[in-house]
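Asks: Based on the sequences and whatever the hints tell you, model everything.
So the protein sequences, as listed, match chains H and W.
So for the first sequence, the working numbering puts the first residue at 13; every next one is plus one.
So for the second sequence, the working numbering puts the first residue at -8; every next one is plus one.
Among these hints, one or two may not hold up.
Calculated from the model, a selection of chain H residues having no Cβ within reach of chain W, i.e. all distances over 12 Å [unchecked claim]:
1) T17
2) R54
3) D75
Derived DEER-like restraints, expressed as beta-carbon distance ranges [said to hold, decoys possible]:
4) H/S73 to W/D229: 27 to 33 Å
5) H/S47 to W/S389: 38 to 44 Å
6) H/S47 to W/E383: 46 to 52 Å
7) W/E173 to H/D40: 25 to 31 Å
8) H/D40 to W/G282: 36 to 42 Å
If you're looking for bench data, these hints aren't it; they were derived computationally from the structure.
This one's a predicted model, so the numbers in the text were calculated from it and none came from an experiment.
No residue lacks a Cβ here, since even glycine has one placed at the ideal position from N, Cα and C.
Okay, here's what each chain looks like letter by letter:
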Amino acid sequence: MPRVTIDDDLCVGTGECVRLAPDAFQLDDDDEVASVAPGVARTPTEQLRRAAYECPTGAISVDEDTSA
Amino acid sequence: MGSEALVLDRYADIREALYDKHLSRNLDERSFEEGNPRAGVLSTLHGSEHKDRRRLENPLFRRSALVEYEHELFPVAIDAIAARDAVGDLDLLELAGSMAVVLAAKRAGIDHDGSLRQLTELFWHGLNLAQGASLADTIIDRERVEQETRQTLQALEDDYVGPSRRRREALIDAAERGTSGEPLPHDLLTVALRSRRDGGLELDDALLTREVGLYLHGGSHTSAQTTCNAFEFLLGFDGVDRSALLREAGSSLLTAQRIVHETLRVVPMTPRLKRRVVENTVVAGTEVSAGETVVLDIGSGNRDPDYYGDNADAFDPDRTVAEGASLWGLSFGAGAHICIGRSVAGGVPLQGGEQEDETSASHLYGQVARMIRAIATHGVQRDPQRVPERDERTTRSSSRWLRFPVRFPRSDHEE
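Replies: Below, the structure is given as structure tokens:
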């Protein structure tokens, strides 16, 4: 599984990631900042990459899993 | 040194520049601070100030709100207005504007009585602000535009935003005291007022009026102009008979949505964007220095054959695009300043595996597709006596109309 991170400093809370990968991302209680959701593990990598590509501020990183 | 600005005209290069945090949308104070309604509003902020304001306003455009718009507000704001007003000879720009302004006013937090008079007045306030907001591109008397902008902002404050603000202040007071059963409106004005009370954002009344006014402009002017741009194609003003497509647009929202996306791609509302370099950086392989300007040629980027094929110049709503490209090109921008209302205007394209089912409760077609379908359904035709006039007051006249006379049949309405 790839490693998915969100840079809080970059995220402006457009919610594009939640729209494109609703299991993998969620917005905080104030509905302002996105975070990685538990469902990220079952989300296809292609969908995660699309969410990262479409994030308007480039806040999402999807890195190849280098662990064994 | 007077070096020429870097001009980017390829899709990938423009997209990269739009994501670059070293490039600011705030160009110069003469254009954005002195008498310009954009002064201090969301669209011109940069860095952390922009981030804070955007975080406050983004929740207004969550999917739950958009679904409510699609299924509850649009039928009232669009279909009902078309049924009432789409008859005889009229200006398509005003008709589309009166449809779009209902939703724009709701989102912005501007109360009105729903009458055609107030809707038209609000739409023209938005058009006047549009002229003021693009002051840098105006080619008529700059002082006159600034004066009209000040008058429009004053009228907007006196007749609409002021009363709307006071009503919301009273509602917030009552909510804080626990004495109100009325829910707080879900709109920009309300969230801004609450944030101001909480000490979150520093927004004085004048800035609030400008922010709300620019929402009105952004939500109505661009949708109305894009509707006219679409009907320029559908009514064959470019010499191509599209009567079959026009009929299909009147019966299929998916077709109407594809028409909207293709119209936005071929005729972007803002064909050229400019960015100011705030810190030395490299853009599309070229070094640029602080203070320089980078020009983003959206019109060319949207026709990049690498992404849109050899027929990229053609209007083809059925086109498929390359991986990574948007159906609407870069017309909504990209990066931190991507159009906040893009999903309201254009909806969301069908995702992989999503069925083309127009009864779906979840698909978002967008405001402009619904406007196009309503207008096509009512039998819009070219006006045989008058031709549309472009807005030659601005260098953006390729995408903006001053008048778009059309004719609707009278037989359905006359006894």
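Asks: Take the C-beta atom of H/D40 and the C-beta atom of W/G282, compute their distance, and say whether it sits inside 36 to 42 Å.
Replies: With Cβ atoms ~37 Å apart, the hint holds.
Asks: Is the nearest Cβ of chain W still more than 12 Å from the Cβ of H/T17?
Replies: holds, 17 Å
Asks: Could you say whether the range 46 to 52 Å given as a hint is met by the Cβ separation of H/S47 and W/E383?
Replies: holds, 49 Å
Asks: H/R54 clear of chain W by more than 12 Å, beta carbon to beta carbon?
Replies: Correct as stated: the minimum Cβ-Cβ distance to chain W is 16 Å, above 12 Å.
Asks: Lying within 27 to 33 Å: is that true of the beta-carbon distance H/S73 to W/D229?
Replies: violated, 44 Å
Asks: Between H/S47 and W/S389, does the C-beta distance stay in 38 to 44 Å?
Replies: Check passed, 43 Å falls within 38 to 44 Å.
Asks: Looking only at beta-carbon atoms, does the pair W/E173, H/D40 fall within the given range of 25 to 31 Å?
Replies: Holds, at about 27 Å.
Asks: Just checking, H/D75 versus chain W, shortest CB gap more than 12 Å?
Replies: It holds; H/D75 is separated from chain W by about 18 Å at its closest Cβ, greater than 12 Å.
When the structure is compared with the earlier hints, a violation turns up for hint 4 alone.
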